[in-house]
Amino acid sequence: MKKVLVAGATGYLGKYVTRDFKERGYWVRVLVREKSLNKLEEVGPFLQPPIKDYIDDIFIGEITEPRTLQGLCNDIDIVFSSVGITRQRDKVSFWDVDYRGNKNILELSLNAGVQKFIFVSAFNAHLFSELEIAKAREKFVEDLKNSGIDYAVIRPTGYFSDATEFLNMALSGRVYLIGKGENKINPIHGADLAKVCVDAAEKGEREIAVGGPVIYTYREIAELAFSVIGREPKITSIPVTPLKLLVEMIRPFNKHYYTLAKFFLTAMQNDFVAPQTGSHTLEKYYEEFLRHRRKK
Numbered sequence: 001m002k003k004v005l006v007a008g009a010t011g012y013l014g015k016y017v018t019r020d021f022k023e024r025g026y027w028v029r030v031l032v033r034e035k036s037l038n039k040l041e042e043v044g045p046f047l048q049p050p051i052k053d054y055i056d057d058i059f060i061g062e063i064t065e066p067r068t069l070q071g072l073c074n075d076i077d078i079v080f081s082s083v084g085i086t087r088q089r090d091k092v093s094f095w096d097v098d099y100r101g102n103k104n105i106l107e108l109s110l111n112a113g114v115q116k117f118i119f120v121s122a123f124n125a126h127l128f129s130e131l132e133i134a135k136a137r138e139k140f141v142e143d144l145k146n147s148g149i150d151y152a153v154i155r156p157t158g159y160f161s162d163a164t165e166f167l168n169m170a171l172s173g174r175v176y177l178i179g180k181g182e183n184k185i186n187p188i189h190g191a192d193l194a195k196v197c198v199d200a201a202e203k204g205e206r207e208i209a210v211g212g213p214v215i216y217t218y219r220e221i222a223e224l225a226f227s228v229i230g231r232e233p234k235i236t237s238i239p240v241t242p243l244k245l246l247v248e249m250i251r252p253f254n255k256h257y258y259t260l261a262k263f264f265l266t267a268m269q270n271d272f273v274a275p276q277t278g279s280h281t282l283e284k285y286y287e288e289f290l291r292h293r294r295k296k
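According to my numbering, the stretch in the sequence shown is residues 1 to 296, in order.
FYI, nobody ran anything at the bench for these hints, they're computed from the structure. Incorrect hints may have been included.
[Stated by the list, open to error] The calculated lysine-lysine pairs, modelled on BS3-like cross-linking and capped at a C-alpha distance of 25 Å, are:
#1 3 to 22
#2 103 to 116
#3 3 to 203
#4 295 to 284
#5 135 to 262
#6 2 to 116
#7 195 to 22
#8 103 to 2
#9 145 to 195
#10 116 to 145
#11 2 to 184
#12 184 to 244
#13 103 to 145
#14 203 to 22
#15 203 to 145
#16 22 to 116
#17 184 to 234
#18 22 to 35
#19 91 to 262
#20 139 to 91
Turn these sequences into a full structure, and let the hints steer you where they fit.
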């Protein structure tokens, strides 16, 4: 039985990956921050499953503190990491977590004789080359490729968790689009993406671009959100130029939020369409999300 370490197990993708590895017959260790232990037993905010019953070993450590990670990769055959930050916490930066944190795990993997390292980055990363979030993750990708370990880099277009924001805006009464919303994307459900990630552990592909089964324009996603909740669409298009100026105004005061705002601004001005895979549609996810919300 092969043994796998999942770093980022309490995140949107990590929960599905943990479950999928276990269901495929792997022995599973997860890396978890002590303050996040309870998340293993909970349904996630985007309907990720509880995963405590899919875990063989829990390793408590801080990805940014190497002294807490000693022994993390001992006896492990495959490492999977989707670790990264999307909001400011503990005053750490993208370079602290997305780069150095993953680099800490890579160095432990090399020292422990791990066979393969699977890492999740971004589709069309070149479009974000000026942003710290992309620089940090792609610098790690570069180091991973040069490390000598077998590897796979997964590049999804976008997650259903991100697309939930359209539904939340619709529930609030209005969806705001950047520009006309004519650019296209095929976001992917965590369960479908997890299958791709676990397949990568067993195959030889090293760069895997992947999207969900349905291609939407951003305007179609907005209209879908209103359709699911049974309301007439109320959609406002925000002109790109003044929004760019507003985002630039954030930069001197909070570089982290500037980076995230610029990331999403760039994403919504470009097409993010990758090879289609999976079976989960955004419509079914929205319906399930609403049912779960109404039960709470």
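Taking the hints in turn, this is what the structure says about them:
1. 3 to 22: holds (10 Å)
2. 103 to 116: Holds - the C-alpha atoms of residue 116 and residue 103 are around 14 Å apart, at most 25 Å.
3. 3 to 203: The hint holds at about 16 Å.
4. 295 to 284: The hint holds at about 17 Å.
5. 135 to 262: Measuring from Cα to Cα gives roughly 14 Å; hence the hint holds.
6. 2 to 116: holds (11 Å)
7. 195 to 22: holds (12 Å)
8. 103 to 2: OK: residue 103 and residue 2 at ~23 Å, within 25 Å.
9. 145 to 195: Status holds; Cα separation ~23 Å.
10. 116 to 145: holds (11 Å)
11. 2 to 184: Judged against 25 Å, a Cα distance of about 39 Å means the pair is violated.
12. 184 to 244: holds (20 Å)
13. 103 to 145: holds (12 Å)
14. 203 to 22: holds (18 Å)
15. 203 to 145: holds (17 Å)
16. 22 to 116: holds (17 Å)
17. 184 to 234: The given pair, whose Cα atoms are some 20 Å apart, holds under the 25 Å limit.
18. 22 to 35: Holds, because 24 Å separates the two Cα atoms, which is no more than 25 Å.
19. 91 to 262: holds (20 Å)
20. 139 to 91: holds (21 Å)
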